[in-house]
Each structure stands twice: as structure tokens, then as C-alpha cells.
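Enquirer: Listed below, chain by chain, are the residues.
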Amino acid sequence: MKKLITQHDIDLVIGKLLRVGVIVSCSITLFGGIVYLFQHQGPVTGYGAVEKAGDFRGAPEYLRGIGSILSRIAQFDGAAIAQFGIIILIFTPVLRVVFSLFSFVLEKDRLYTAITLIVLAIIFANLFFGLH
Amino acid sequence: MNIELFVLILFAGAILAGLLGSLTGLGGGAVIIPLLTMGFGVDMRFAVGSALVTSIATSSGAAAAYIREGITNTRIGMFLEIATTIGAVIGALVAIYMPTNIIALIFGFILIFSAYMSVRKKDRNINYSKPGDIWGVKMKLNSSYPTPNGLVEYNVHRVAGGSSLMVFAGMISGILGIGSGSLKVLAMDIVMKIPFKVSTTTSNFMIGVTAAASAVIYLQRGYIDPGLAMPIVPGVLLGAFLGSKILVKAKVGKLRLIFSIVIIFLAIQMIYKGLTGKI
Numbered sequence: 034m035k036k037l038i039t040q041h042d043i044d045l046v047i048g049k050l051l052r053v054g055v056i057v058s059c060s061i062t063l064f065g066g067i068v069y070l071f072q073h074q075g076p077v078t079g080y081g082a083v084e085k086a087g088d089f090r091g092a093p094e095y096l097r098g099i100g101s102i103l104s105r106i107a108q109f110d111g112a113a114i115a116q117f118g119i120i121i122l123i124f125t126p127v128l129r130v131v132f133s134l135f136s137f138v139l140e141k142d143r144l145y146t147a148i149t150l151i152v153l154a155i156i157f158a159n160l161f162f163g164l165h
Numbered sequence: 033m034n035i036e037l038f039v040l041i042l043f044a045g046a047i048l049a050g051l052l053g054s055l056t057g058l059g060g061g062a063v064i065i066p067l068l069t070m071g072f073g074v075d076m077r078f079a080v081g082s083a084l085v086t087s088i089a090t091s092s093g094a095a096a097a098y099i100r101e102g103i104t105n106t107r108i109g110m111f112l113e114i115a116t117t118i119g120a121v122i123g124a125l126v127a128i129y130m131p132t133n134i135i136a137l138i139f140g141f142i143l144i145f146s147a148y149m150s151v152r153k154k155d156r157n158i159n160y161s162k163p164g165d166i167w168g169v170k171m172k173l174n175s176s177y178p179t180p181n182g183l184v185e186y187n188v189h190r191v192a193g194g195s196s197l198m199v200f201a202g203m204i205s206g207i208l209g210i211g212s213g214s215l216k217v218l219a220m221d222i223v224m225k226i227p228f229k230v231s232t233t234t235s236n237f238m239i240g241v242t243a244a245a246s247a248v249i250y251l252q253r254g255y256i257d258p259g260l261a262m263p264i265v266p267g268v269l270l271g272a273f274l275g276s277k278i279l280v281k282a283k284v285g286k287l288r289l290i291f292s293i294v295i296i297f298l299a300i301q302m303i304y305k306g307l308t309g310k311i
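Protein chains in written order, with this note's numbering: chain A, 34 to 165; chain B, 33 to 311.
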């Protein structure tokens with residue numbers, strides 16, 4: 034019996050997906066960056082080195098969660114748009130793992146379906162670890 | 033410094049970092065950290081966050097080209113990713129409490145090691161088809177890859193040792209935000225005796241996934257700032273793209289050596305700053 038979808042087909046799709054993911058995220062980040070430059074002028078502040086970990090202020094609070102980023106995008110905030118592009122970039126390799134999962138399911142490879150699910154579980158567990 | 037100027041200089045620096053990273057095979061993230069901390073006095077945590085995002089961008093960009101060649105072993109990659117993602121989570125959590133000068137020290141040593149790995153002589157006469165580890169069979173890791181002389185079969189060795197090293201590679205990547213491709217290649221190429229070409233492409237596949245595992249923690253902790261990432265990510269990608277064009281045309285042996293010396297110089301400076309606490 035001829036296989037309808039071969040490993041090679043899936044690989045090609047994954048390759049395209051990665052390229053599209055990088056290009057789309059980069060374009061969104063660049064666009065957001067240009068908007069950001071129009072909205073912010075003057076000297077650069079807030080990036081300087083601090084000694085104690087507790088003194089580190091980091092990126093603005095609203096740029097740390099998807100909910101607040103989306104609501105700021107609605108207000109056309111440049112930094113939020115740029116950060117959204119970066120989040121897409123972060124999830125590009127995760128999407129690749131999801132695609133591998135499909136391909137292992139199609140091959141009826143139970144062992145690797147399980148392994149891929151474990152990897153995904155570890156990545157998503159982070160959503161809880163990172164909280165304060 | 034004015035924001036427009038800052039962004040412009042960062043963009044130019046990122047192109048250079050991407051070029052250097054691609055020609056030495058270290059990836060873009062490794063050069064971003066010294067550029068930001070020593071060049072601009074940016075906090076280490078911001079530098080690590082920016083490097084992490086950069087690693088994801090360059091590895092995803094390169095993977096698209098690698099996949100078509102059919103060398104990447106997805107099973108080996110996925111199997112070892114259990115180890116690297118666990119390591120990456122631990123690393124990112126540890127990094128939150130780690131003093132920045134210790135991070136600078138670790139970074140310096142890893143950078144020197146990576147530069148060494150990129151110029152070392154590779155043993156080309158290895159018989160890859162020797163029977164390997166029982167786990168290579170059980171976990172279906174053994175495979176073959178295309179070479180100019182036809183398909184070459186390979187069997188995987190020391191799976192447990194390779195996996196433990198991968199947990200360490202994941203931790204380093206979680207602490208420093210770099211892909212730590214050199215450690216991954218060390219685990220696969222030297223410990224597990226996987227052919228070099230398969231090791232490098234599979235390691236590249238793993239870098240993006242490993243980085244994504246710690247990225248969420250970094251994001252929630254405020255290490256990833258769009259003001260820095262916005263000029264850096266496109267800049268490094270552009271530089272890496274230019275680098276890949278040069279790699280095809282020029283003989284890179286000497287070039288690689290020269291750039292590796294530059295990298296070692298940066299590493300020594302980072303170690304010095306780490307020791308004197310000025311970072």
C-alpha cells in the first residue's frame with residue numbers, strides 16, 4: 034500500500050513552518066519596533082547593570098503575560114506589538130514539536146508519541162514555574 | 033544615549049554578532065552577551081534574555097535549510113530533548129537567584145570550550161556501524177544518513193552518558209540563554225558516537241526547543257525586553273544569513289581560526305569581569 038503522507042512530506046512542511054514562523058515573528062517585531070521608536074524619545078534608561086538580583090526591575094510588567102500584551106496591542110503600543118512578535122518566535126520550535134507528534138502518530142509509533150508528549154508537557158509546565 | 037542611536041548601533045552590532053556566530057558555528061546568542069554587557073553596560077539578565085530569543089531565531093532559521101537534506105535524526109533529537117528541556121527549566125530557575133558575576137564566569141568558560149570545539153580536528157575515519165548500546169535499539173535511535181558514498185548506517189553508543197550530559201547542556205542553556213550547541217555536539221558526537229553531520233543538525237533542531245523551554249520563565253521574569261530584542265533578532269538573523277553565504281563560497285579554515293581567537297579574547301574579558309565583580 035502506498036503511504037499517503039511520507040516522512041519527507043512532513044519534513045518539508047516543518048521546514049516551511051519554521052521559515053514562515055521566523056519571518057512572520059521578525060516582521061511583527063520590526064513593525065512594533067518602529068512604532069515603539071515613534072512613541073518613545075529621549076535617552077535610553079532602565080537597562081543598566083544592577084548588583085543584587087532583587088534590584089533587577091526587568092521589562093515592564095505588562096510585557097510579561099500574553100493577556101496584558103494583547104490588551105496593549107489593542108491600544109497600538111509599539112513595545113507590546115514587538116513583544117508579541119517575540120512570543121511567536123518562541124513558540125515556533127514548540128509548534129515544530131507538535132508537528133513531530135503528528136508524524137509519530139501517523140507512523141503509529143507509540144513510544145515516540147509518548148516521548149514527544151513528555152517534551153511538550155515539560156515545556157508547558159513552565160507556564161506555572163515562571164510565576165512569582 | 034538617544035534611543036534611535038542606541039537601536040541603530042545595536043542593530044549593527046547584532047549583524048556582526050550573527051556573522052561571527054555563523055562563521056564560528058557558535059550561534060548568534062554567544063556574541064550578543066559580551067556585546068550587550070561589556071559594550072553597552074546592559075544588565076546580564078537582559079543580555080541573557082536577548083541571547084535566548086536570538087538562539088531560537090538562528091536555530092529555527094538554519095533548521096529550515098537542514099531539514100531538506102534529511103540528515104537530522106528526529107528520534108534522537110526528541111529523545112534527548114527530555115533531558116535538555118528538564119535541564120533548561122532547572123537552569124532558568126537557578127539563574128534567577130544566581131549572582132550575575134557567576135553567570136559571567138560560567139559564560140566565559142563555556143565560550144572558550146565552544147571556540148575550542150569549533151576549531152578542533154575531527155576524526156573522519158570512524159566506523160559508525162559498530163554494534164552500539166542496547167538502548168540505541170530499544171529507543172530506535174540507530175539510523176542511517178546520506179553521504180556522497182551512499183547511505184551510512186550508524187549505531188548509537190552510551191545513551192545514559194549522553195543523556196546526562198544533555199541535562200547539563202540544557203542547564204547551561206537555561207542559565208546563559210545560549211544554545212550551548214557545542215555541549216550538545218560533545219554529547220552526541222563524542223560520547224554517543226553519532227556522525228558529526230547528524231550531531232550538528234540534530235543539535236540545531238534541539239537548540240530551539242530547549243530555548244523555548246526556558247523562554248517562558250524568562251518572559252515572566254522580565255528578562256526579555258522588546259526594546260533590546262527588536263533590533264537584535266533581525267540583526268543577528270541578517271548577519272547569520274550573510275555568514276551562511278560566505279561559508280558556501282570561501283575556505284573558512286583560517287577565517288574560523290581568527291574568529292575563534294576573537295571569541296576567546298571576549299571570553300577572557302568576561303571571566304576577568306566576573307572575577308572582579310564588574311558586570
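Incorrect hints may have been included.
[What the hints assert, rightly or not] Examples of chain A residues toward chain B, derived with CB under 8 Å:
1. Ile-61
2. Phe-71
3. Tyr-95
4. Leu-96
5. Gly-100
6. Leu-103
7. Ala-107
8. Phe-109
9. Leu-139
10. Arg-143
11. Ala-147
12. Ile-155
Treat the hints as calculated values from the structure; they're not laboratory data.
Just so it is clear, CB atoms sit at the ideal spot from N, CA and C, and this is done for glycine as well.
Enquirer: If a hint holds in the structure, say so; if it doesn't, say that too.
Expert: Against the structure, the hints:
1. This hint is violated: Ile-61/A has a C-beta 10 Å from the nearest C-beta of chain B, more than the 8 Å allowed.
2. For Phe-71/A, the suggested interface contact is broken, since its CB lies about 10 Å from the closest CB of chain B, more than 8 Å.
3. A cut of 8 Å between beta carbons decides the hint on Tyr-95/A: the least distance to chain B is about 10 Å, and the hint is violated.
4. Hint on Leu-96/A holds. Least Cβ distance to chain B is approximately 7 Å, under the 8 Å limit.
5. Annotation: Gly-100/A was flagged as interfacial toward chain B, and the flag is violated, the nearest CB pair being 12 Å apart, outside 8 Å.
6. The restraint placing Leu-103/A at the interface with chain B is violated, with a minimum CB-CB distance near 14 Å, outside the 8 Å limit.
7. Against a cut-off of 8 Å between C-beta atoms, the interface hint on Ala-107/A is violated, since the closest Cβ of chain B lies about 17 Å away.
8. The interface hint given for Phe-109/A is broken, as the beta carbon of that residue sits about 14 Å from the closest beta carbon of chain B, more than 8 Å.
9. A cut of 8 Å between beta carbons decides the hint on Leu-139/A: the least distance to chain B is about 13 Å, and the hint is violated.
10. Because the beta carbon of Arg-143/A sits about 11 Å from the nearest beta carbon in chain B, more than 8 Å, this interface hint is broken.
11. Given the 8 Å rule on beta carbons, the hint for Ala-147/A is violated: about 10 Å separates it from the nearest Cβ of chain B.
12. Restraint check, Ile-155/A versus chain B: the minimum CB separation of about 4 Å is within 8 Å; hint holds.
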